[in-house]
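Undergrad: Based on the provided sequences and hints, a complete structural model is requested.
Residue strings, one per chain:
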Amino acid sequence: MKKVNVNKIMTRGKAMFLAYDQGLEHGPVDFNDKNVDPHYIIDIAKRGKFNAVIFQKGIAEKYNEEIKKSKVPLLIKLNGKTNMRKGEPISKQICSVDEAISLGAVAVGFTIYAGSEFEPIMMREFSKIEEEAHKKGLVVVVWIYPRGKGVKGRSEKELMAYAGRMGLEIGADIVKLHYNRNKKDLSWTVKSAGKTKVVIAGGVKTGEKEFLSEVKDIIGAGGAGIAVGRNIWKSKDPVELSKKVHKIIFGK
Amino acid sequence: MKKVNVNKIMTRGKAMFLAYDQGLEHGPVDFNDKNVDPHYIIDIAKRGKFNAVIFQKGIAEKYNEEIKKSKVPLLIKLNGKTNMRKGEPISKQICSVDEAISLGAVAVGFTIYAGSEFEPIMMREFSKIEEEAHKKGLVVVVWIYPRGKGVKGRSEKELMAYAGRMGLEIGADIVKLHYNRNKKDLSWTVKSAGKTKVVIAGGVKTGEKEFLSEVKDIIGAGGAGIAVGRNIWKSKDPVELSKKVHKIIFGK
Amino acid sequence: MKKVNVNKIMTRGKAMFLAYDQGLEHGPVDFNDKNVDPHYIIDIAKRGKFNAVIFQKGIAEKYNEEIKKSKVPLLIKLNGKTNMRKGEPISKQICSVDEAISLGAVAVGFTIYAGSEFEPIMMREFSKIEEEAHKKGLVVVVWIYPRGKGVKGRSEKELMAYAGRMGLEIGADIVKLHYNRNKKDLSWTVKSAGKTKVVIAGGVKTGEKEFLSEVKDIIGAGGAGIAVGRNIWKSKDPVELSKKVHKIIFGK
Amino acid sequence: MKKVNVNKIMTRGKAMFLAYDQGLEHGPVDFNDKNVDPHYIIDIAKRGKFNAVIFQKGIAEKYNEEIKKSKVPLLIKLNGKTNMRKGEPISKQICSVDEAISLGAVAVGFTIYAGSEFEPIMMREFSKIEEEAHKKGLVVVVWIYPRGKGVKGRSEKELMAYAGRMGLEIGADIVKLHYNRNKKDLSWTVKSAGKTKVVIAGGVKTGEKEFLSEVKDIIGAGGAGIAVGRNIWKSKDPVELSKKVHKIIFGK
Amino acid sequence: MKKVNVNKIMTRGKAMFLAYDQGLEHGPVDFNDKNVDPHYIIDIAKRGKFNAVIFQKGIAEKYNEEIKKSKVPLLIKLNGKTNMRKGEPISKQICSVDEAISLGAVAVGFTIYAGSEFEPIMMREFSKIEEEAHKKGLVVVVWIYPRGKGVKGRSEKELMAYAGRMGLEIGADIVKLHYNRNKKDLSWTVKSAGKTKVVIAGGVKTGEKEFLSEVKDIIGAGGAGIAVGRNIWKSKDPVELSKKVHKIIFGK
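Those protein sequences? They're chains G, E, S, Y and R, same order as listed.
Counting in the numbering used here, the first sequence runs from 1159 upward without gaps.
Counting in the numbering used here, the second sequence runs from 1159 upward without gaps.
Counting in the numbering used here, the third sequence runs from 1159 upward without gaps.
Counting in the numbering used here, the fourth sequence runs from 1159 upward without gaps.
Counting in the numbering used here, the fifth sequence runs from 1159 upward without gaps.
For the record, the hints were derived by calculation from the structure and aren't laboratory data.
It cannot be assumed that every hint is accurate.
Copies of the same chain are indistinguishable here, so a pair counts whether it falls within one copy or spans any two.
[As the list claims (entries may be wrong)] For lysine to aspartate or glutamate, the following EDC-like pairs were computed, each having C-alpha atoms within a straight-line distance of at most 20 Å: (1) 1405 with 1368; (2) 1250 with 1289; (3) 1172 with 1289; (4) 1229 with 1372; (5) 1293 with 1256; (6) 1401 with 1183; (7) 1239 with 1283; (8) 1349 with 1283; (9) 1239 with 1275; (10) 1244 with 1275; (11) 1349 with 1375; (12) 1204 with 1343; (13) 1307 with 1275; (14) 1342 with 1191; (15) 1341 with 1395; (16) 1342 with 1375; (17) 1307 with 1246.
TA: Listed below in structure tokens is the structure:
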């Protein structure tokens, strides 16, 4: 078992990812005339010095030359779903590890809706991906989002820490989760995740100040960084904002 | 990853497909004594200068010599269902990529009922087809039809744009969808689909004038063309009508 | 793609099959002391000059020498079920194409309950069988029986024509279906099935006169023949009756 | 297709099997301090001259040397379940054909709960086992137990005959079923099963006299023998009783 | 079939395992600042002379060097679930036998919730693991926990004995189960399990005295040992306590 080099998408253990898988998850409602275009995103990723850009395989394939030219490391999401379907959440694998590699990915991502009736199906699929991806030298990132009937009435604090620990137990290099905006809780989550790095999901668009303050909290609490989408590519000056985030995370 | 040449079934990025998979989807109720016969369809496809004819594998096999002789490019639908079954829609793969190739197909098609309880199953099947078909040089067309419990109460505009974007995200070269008859909405849909081409489904038989005016709108809004069945092969003079459509789409 | 020779179980496009898969579908209730014995059936098939005899794999294996000696072509049903199970109908594959070949089959059969909740599962299984069986030179026969919640309230005429068309679309060489006893409807069904041959299921035991008159109607309406069981092997003189049927179908 | 030699576990077409798969099906409630120990069973099987002993793979593996030393032919049950689970009955494969062979089995067994909602799953699994086991020269025994929602209100006579016929149709060499204690019905069942041998399940412990009289009836009605467990290994002198049974079945 | 050497994780048939798979099953709620860290656990396992430490694959991979250095034999749990999901219990395989081997495991573990609606799925998965793991020389441990709708109203005594027997029947080398705190019942369970060793699950944290007295009872009743987690790593002096346990189990 050779060790995977997590610094393919991190810088000295810290990370700043540009997420752009919302087109499948929510449809184009999040987009405007500019950011509906993947070229715009690739440009931000490059000029904003992101550690990786997150795409579904379709965009990775159709804009492959542009991505390669940008030299931004590519993380391909291997599962996905629409929000048109109702009922207990499930997200099935829609891209193989081999296809991701052939598209130039150095990392793969996968979402598990912990607590869903279909949790076992997602855990099983992830486990096979983890094994294959690690064997082939890819960094493995898991999105753990507690959701569905099972988690009703449980505290955000407990669910966040559980998500972090789950990432470690199932073999992810990086676990991406939602931050409950309590530094102490995040600190415990980071501890629970052990050698697995904790990265925070960006969530809906907020004010710039609030966003930057949250990034500071995350880093202060020991988080490894953020995976941000809307807060960057919906902002007026994405590159400028990215630089501010970069400064917080990497100190320069 | 070699690039697939979409012009196997397009002419400079525009397309006019003759759809004839209604026999499985609806039974022969759409047919009369003439158009019940695949020979009649192949003849229209040839003389009407269609970019491709769309068949299920059974017709592609039983009328294989006639299709080859016509030189019309062949697009085989890889999944299908009857309308006898009720409940949440699902359409399973009933033809392999290899069988399609052995029958002479240069393109394959697949329907996803987005929003159905079974959406994850169809997305998973499509994803494997996309990978294999692209590896083997076939053009990949996805029909995205939002349907089922999940989409109740959502606007046609939003669903159309979502369908277009979904086609891009999951790796189709061409996405086929229903037009809500609003040019501005279609224009946004085309933008959302990025480098994936948008082709409009023909739908039920309407008057010739109305049909031609719709084709004009589609092209005007940036659509790549149409996949039409009943409006052509149920018309009095299918070849004549096809020429009029051809003129709108290709300007000659 | 080499063409399969349908005349392995037809004579100049006409067919007369002896069906004996009732033991699994209904149990031995259809049988008496004579016809419970497969030897009796094999003898009728031979002396009655049937184009093929239809068995499940168990009988094909245990009476293999007798079948081979009779020289009657063998059609093995690849799926089956009991009538003990209730609920939406489903019939799963219980014999592989390779096992059928090793037992000496020149043709394979498969039932699809169109309209059942489980239609997609049966269509998927059939599609794989069709591909493999055709590749290996076997004639492919599909039983299409609309049944289950989905078909309530639909006319027999429409369902029969749909069954015929479905046989063509999904790639069967021969489609076996129930006759609604209306020649005009059958004629339309035959047309809808195109190059796929239409064979009528025998159904429950009726009077000899009525049975022979029905066979005449079937042939008159363009049907390719019949697959008959109980009306033959429950009759007093099966071989004599078979000769009368033979005369109607083949004119001698 | 080479013929399997059923006399690996029969003597001139008659059989006496010692069943000991109750530990999984019912838990140890059937056992006492003596018969809880597989050594005790192996000893009875040997000294009672049984044609085969029936074990799950776990016992076959842990007591493998003892079984081999006894020279009693080994029949391994390939599926099984506990009675802790409620709902429609299903018994999944838990031992592969290859593992059974590696443990020294010359025959394999499989239970189908005909009429259960899950009948199709069990029939499909059995069909693959039958194909592989026969190819590798093993005798194939099927337990057919009509059970579940589907069989309510049907007569024991009809279900017993159906079970026998089903065994023949799906390719078993031997079908094991429950006897309804009517010789005429069993005689018809044996006829319905054709060349497939009918063996009767022992059932719960009864008085010795009643048990022996039942064995006589079974043989008298044409049955091939019995698969008995509790009536032997719960009796005071299992070997003595086995000799009496042996005398009835084999005449010595 | 070569015999697996169970003493890879036992000492003359007795065992003392340190369980640490609670992070996935319950989240980090069981942990404090010390024992949340796998290093702390590995240290206890080494200094406390445990026969094996039980991890999920994620911890086995991220702390692989530390584990190897400790020389404590590694048992990897191959399935797992969170307690966020509600409904009938199911635990799917999330680590392959090959991955476990590549991580240095000499034994694998698997949980079956007997009585659950999903019991057949877990039994089927376990059966494949058992076959592969034994072929590759690993010790196979099964956790059998009767749970779900099916077991309501059944006595703990009966369920414990059933669990033990089930372990034997399905081929485990060691069965891990819950002790009902009745020595006579455990004695019968051990007898029912035959050559399969019975190890008792530690359960929730209790007082040290009570815990040690329970260990004595287990050994006295013929149990092979314990798999303990919280009672050790939540205690004030885990190593000291481990030595006391060691003395009871191994006499020194």
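Undergrad: With reference to the structure, classify each hint as holding or not holding.
TA: Outcome of the hint check:
{"no.": "1", "hint": "1405 with 1368", "in the structure": "within (16 Å within a copy, 56 Å between copies)"}
{"no.": "2", "hint": "1250 with 1289", "in the structure": "both (17 Å within a copy, 15 Å between copies)"}
{"no.": "3", "hint": "1172 with 1289", "in the structure": "neither (24 Å within a copy, 33 Å between copies)"}
{"no.": "4", "hint": "1229 with 1372", "in the structure": "neither (28 Å within a copy, 43 Å between copies)"}
{"no.": "5", "hint": "1293 with 1256", "in the structure": "both (12 Å within a copy, 12 Å between copies)"}
{"no.": "6", "hint": "1401 with 1183", "in the structure": "neither (27 Å within a copy, 40 Å between copies)"}
{"no.": "7", "hint": "1239 with 1283", "in the structure": "both (15 Å within a copy, 13 Å between copies)"}
{"no.": "8", "hint": "1349 with 1283", "in the structure": "neither (26 Å within a copy, 33 Å between copies)"}
{"no.": "9", "hint": "1239 with 1275", "in the structure": "both (16 Å within a copy, 11 Å between copies)"}
{"no.": "10", "hint": "1244 with 1275", "in the structure": "both (13 Å within a copy, 7 Å between copies)"}
{"no.": "11", "hint": "1349 with 1375", "in the structure": "within (16 Å within a copy, 37 Å between copies)"}
{"no.": "12", "hint": "1204 with 1343", "in the structure": "neither (33 Å within a copy, 31 Å between copies)"}
{"no.": "13", "hint": "1307 with 1275", "in the structure": "both (8 Å within a copy, 17 Å between copies)"}
{"no.": "14", "hint": "1342 with 1191", "in the structure": "between (40 Å within a copy, 13 Å between copies)"}
{"no.": "15", "hint": "1341 with 1395", "in the structure": "neither (28 Å within a copy, 31 Å between copies)"}
{"no.": "16", "hint": "1342 with 1375", "in the structure": "within (10 Å within a copy, 43 Å between copies)"}
{"no.": "17", "hint": "1307 with 1246", "in the structure": "both (7 Å within a copy, 13 Å between copies)"}
Comparing the model with each numbered hint stated earlier shows that hints 3, 4, 6, 8, 12, 15 do not hold.
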